[in-house]
Amino acid sequence: GIENAAFETPSPSLGRQRSWGPVGSGVSAGAGVGAGASARARARVRPRAPAPAPSDPDFEEGPCGWGGCTPEALQLCNNPEGYLAVYSLLATFQGIVVNGLVNISISTIEKRYELNSSLTGLISASYDISFCMLSLFVSFFGERGHKPRWLAFSAFMLGLGCLVFCLPHFSVGKYHYGAKPEDTCQAPETMSANITCSASTKSSHHKYMYVFVLGQLLLGVGGTPLYTLGTAFIDDSVPKHKSSLYIGIAYAMSLLGPAIGYVAGGQLLNVYIDIQIPERQDTTYTKVDQDDPRWLGAWWIGFLACFFAIWLLIIPFSMFPKHLPGTAKIQAEKVSETHDDGSEALVQIKNIGKSFKDFPISLLILLRNPVLMCLIIASSSEALVTTGFATFLPKFIENQFGKTSSFSATLGGLVLVPAAVLGQVISGVLVSKCKMDLKSIIKFMISTCSVALLLNTVFLFAKCRNEPFAGVSETYNGTGTLRNLTAPCNANCGCLRSMYYPVCGRDRVQYFSPCFAGCKSYLVDSNMTKIYHNCSCIGQPKKENGSEDFLFEAVPGKCPTQCRFLPLFLTIFFFAVVFTFMAVTPTTVAILRCVPHKQRSFALGVQLVFLRLLGTIPGPILFGVSIDSSCTLWDIDECETKGACWVYDNERVVYLLMGMSAACKIITIIFVVLAVYFYKPPQLNKALSPKHAEMVSAVH
Numbered sequence: 001g002i003e004n005a006a007f008e009t010p011s012p013s014l015g016r017q018r019s020w021g022p023v024g025s026g027v028s029a030g031a032g033v034g035a036g037a038s039a040r041a042r043a044r045v046r047p048r049a050p051a052p053a054p055s056d057p058d059f060e061e062g063p064c065g066w067g068g069c070t071p072e073a074l075q076l077c078n079n080p081e082g083y084l085a086v087y088s089l090l091a092t093f094q095g096i097v098v099n100g101l102v103n104i105s106i107s108t109i110e111k112r113y114e115l116n117s118s119l120t121g122l123i124s125a126s127y128d129i130s131f132c133m134l135s136l137f138v139s140f141f142g143e144r145g146h147k148p149r150w151l152a153f154s155a156f157m158l159g160l161g162c163l164v165f166c167l168p169h170f171s172v173g174k175y176h177y178g179a180k181p182e183d184t185c186q187a188p189e190t191m192s193a194n195i196t197c198s199a200s201t202k203s204s205h206h207k208y209m210y211v212f213v214l215g216q217l218l219l220g221v222g223g224t225p226l227y228t229l230g231t232a233f234i235d236d237s238v239p240k241h242k243s244s245l246y247i248g249i250a251y252a253m254s255l256l257g258p259a260i261g262y263v264a265g266g267q268l269l270n271v272y273i274d275i276q277i278p279e280r281q282d283t284t285y286t287k288v289d290q291d292d293p294r295w296l297g298a299w300w301i302g303f304l305a306c307f308f309a310i311w312l313l314i315i316p317f318s319m320f321p322k323h324l325p326g327t328a329k330i331q332a333e334k335v336s337e338t339h340d341d342g343s344e345a346l347v348q349i350k351n352i353g354k355s356f357k358d359f360p361i362s363l364l365i366l367l368r369n370p371v372l373m374c375l376i377i378a379s380s381s382e383a384l385v386t387t388g389f390a391t392f393l394p395k396f397i398e399n400q401f402g403k404t405s406s407f408s409a410t411l412g413g414l415v416l417v418p419a420a421v422l423g424q425v426i427s428g429v430l431v432s433k434c435k436m437d438l439k440s441i442i443k444f445m446i447s448t449c450s451v452a453l454l455l456n457t458v459f460l461f462a463k464c465r466n467e468p469f470a471g472v473s474e475t476y477n478g479t480g481t482l483r484n485l486t487a488p489c490n491a492n493c494g495c496l497r498s499m500y501y502p503v504c505g506r507d508r509v510q511y512f513s514p515c516f517a518g519c520k521s522y523l524v525d526s527n528m529t530k531i532y533h534n535c536s537c538i539g540q541p542k543k544e545n546g547s548e549d550f551l552f553e554a555v556p557g558k559c560p561t562q563c564r565f566l567p568l569f570l571t572i573f574f575f576a577v578v579f580t581f582m583a584v585t586p587t588t589v590a591i592l593r594c595v596p597h598k599q600r601s602f603a604l605g606v607q608l609v610f611l612r613l614l615g616t617i618p619g620p621i622l623f624g625v626s627i628d629s630s631c632t633l634w635d636i637d638e639c640e641t642k643g644a645c646w647v648y649d650n651e652r653v654v655y656l657l658m659g660m661s662a663a664c665k666i667i668t669i670i671f672v673v674l675a676v677y678f679y680k681p682p683q684l685n686k687a688l689s690p691k692h693a694e695m696v697s698a699v700h
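Position 146 of the sequence shown, counting from 1, maps to 146 under UniProt numbering, and the rest follow consecutively.
Hints are computed from structural coordinates only; laboratory data are not their basis.
Any given hint could be a false lead.
Pairwise CB distance ranges (calculated) [said to hold, decoys possible]: (1) F359 with G68: 18 to 24 Å; (2) K207 with N79: 46 to 52 Å; (3) A491 with I670: 55 to 61 Å; (4) P63 with L613: 38 to 44 Å; (5) A663 with G68: 57 to 63 Å; (6) G624 with G67: 19 to 25 Å; (7) K207 with K443: 37 to 43 Å; (8) S355 with S447: 38 to 44 Å; (9) K443 with A663: 58 to 64 Å.
In this text, a Cβ means the ideal position worked out from N, Cα and C, and glycines have one as well.
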């Protein structure tokens, strides 16, 4: 039986070729003995069948529960589907918090705690810093550990991060808003009476920045096991041809998180920050509403709700066993597709990965895998462009097509999220149904990236000219100069560059604010909208249909754009996003297959570190710098400090975005092609099935 040499692996090379099949087979035993002996031999060999770690005594399948408490009802969830449901919930909540609530709350936090953009940028980057620092270590040590318990730890840290992030609201006290500045043309001394540059006025609120950074660091700790150990556990528990489908569903659910976060967070910002709006603070202050620049929304409610919801998920994760029932059989039937560079035999023979001293050699094995590194660089290039667009697509729509910020954000979410989810699910289903091997998966990625590159030309349909803007693209009725908002018609109004409140004049020219348009009075209509009159800078309207009757001289908001390409742009861009995300799930599956079995979680950790360092961190920065280079009108405050950009050169923005996107796509295609070129499948797997490979190994 077990001691018989026929059932032992005679050499490391054969051990590598046999992939993850059983050590012996009843067929070989029956070759020289009777049927009874064959059955006894099979019975003796069978306990050695668990493939992932034949010599690992910790490979255990168990019931769902806590210790001896294993109710029958819980066993209904003790399967891949039950785990997938709980994992998807955690991934969704992680997306809600990290990519939804944090992003939509940053501007409110900036105003409430008097933080500048560099400090809020540090808060945003803290998650990625924590993630990069811990990803390698968590994925290395967690590979041989109890993965569901690691995910329970993940839920604990994510919930704790949510709680810490919202603590400043409860310790800073009530919000006191100031007097609302006048937006019409006033005497210079009146406008500047209460708005001056005072560098000495400091607040202690900025110290709460450290609390927000701590919250983001804790969220990063919690997010680390989710996409390394959690994904590897799915791959452990399902047959190889179903792995892509399950991972695709899980990743698609995680993409719903940011959408839910933006929608829910946006609604919560319509609630006053302290819930109840103060009636009046003194005679000079007026009651704020949602259109008031002093309004701050209840950003903290979403974090508090997610804290309770995420901590509830600790319970189901702590119930799952180390391995789901049937995992051993599933692993025994899998064929290794590890890149044939000798790494799998090395990991098997030296049992690499059991102690911390194996960390350097484990990392070196992965870094020397050319297939893995090509896939990582390709996915990092894709991450750079996707995070850049996720950050700046709303701004692009707003400036190119003249839409409001909220409407642009809604349109961007309606395009990006459903398209990304659809791409993930479609690719997962196709890879699963077609039962693609590793080389076929990589070729499938080449085709999807190539189609996405062709659809990248959609930006040519979004090239809209800038609408007339007084003091920027044209003069004030022939007076004043370009790139100068001040003209003779508003020189005595004392207007401030720090108060950007665009209005559209009856002459269809946009003005920086009612003050710069020279408007001295206004009325409020039945819809509570201001209608401005007595505007000295606004010229006469052009005749249309023989009528010159206008009931206003200026109305709030940008002038309607004459560009009509928005529906076409959104349609083509939707399919570009679909094909872009159709490569995400296959990339993850390919990475899991091209490395030694015991290094799968570690390989995902390495990928996520590179993804952060080369993709998600520099992506928004590079896109932001490129877009800012096309700015034609900057925000300048009372201290003459440059702030955000108000107006961009639309044509320049289009060419910059298309060029950056195309460059990233080409880099992705090049490295995916190199991955196909470098990949060498295990020799025996080219011709033999797992069962035949076992027979040959036993006969030898």
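Lying within 58 to 64 Å: is that true of the beta-carbon distance K443 to A663? 23 Å, violated
S355 and S447, beta-carbon distance inside 38 to 44 Å? 43 Å, holds
Could one say that the CB atoms of K207 and N79 fall in the range 46 to 52 Å? The hinted range 46 to 52 Å holds for K207 and N79, with Cβ atoms some 49 Å apart.
Assuming the hint says 37 to 43 Å, is it satisfied by the Cβ distance from K207 to K443 or not? 55 Å, violated
Between the beta carbons of A663 and G68, is the distance compatible with 57 to 63 Å? About 59 Å separates the Cβ atoms of A663 and G68, which means 57 to 63 Å holds.
Are P63 and L613 spaced within 38 to 44 Å by their CB atoms? This hint holds: roughly 42 Å between Cβ atoms.
Could you say whether the range 19 to 25 Å given as a hint is met by the Cβ separation of G624 and G67? 52 Å, violated
Just to be sure I understand the hint, the distance between the Cβ atoms of A491 and I670 should be within 55 to 61 Å; is that true here? 57 Å, holds
Look at the Cβ atoms of F359 and G68 and judge whether their distance stays inside 18 to 24 Å. 36 Å, violated
Violation of the numbered hints given earlier is confined to hints 1, 6, 7 and 9; the remaining hints are satisfied by the structure.
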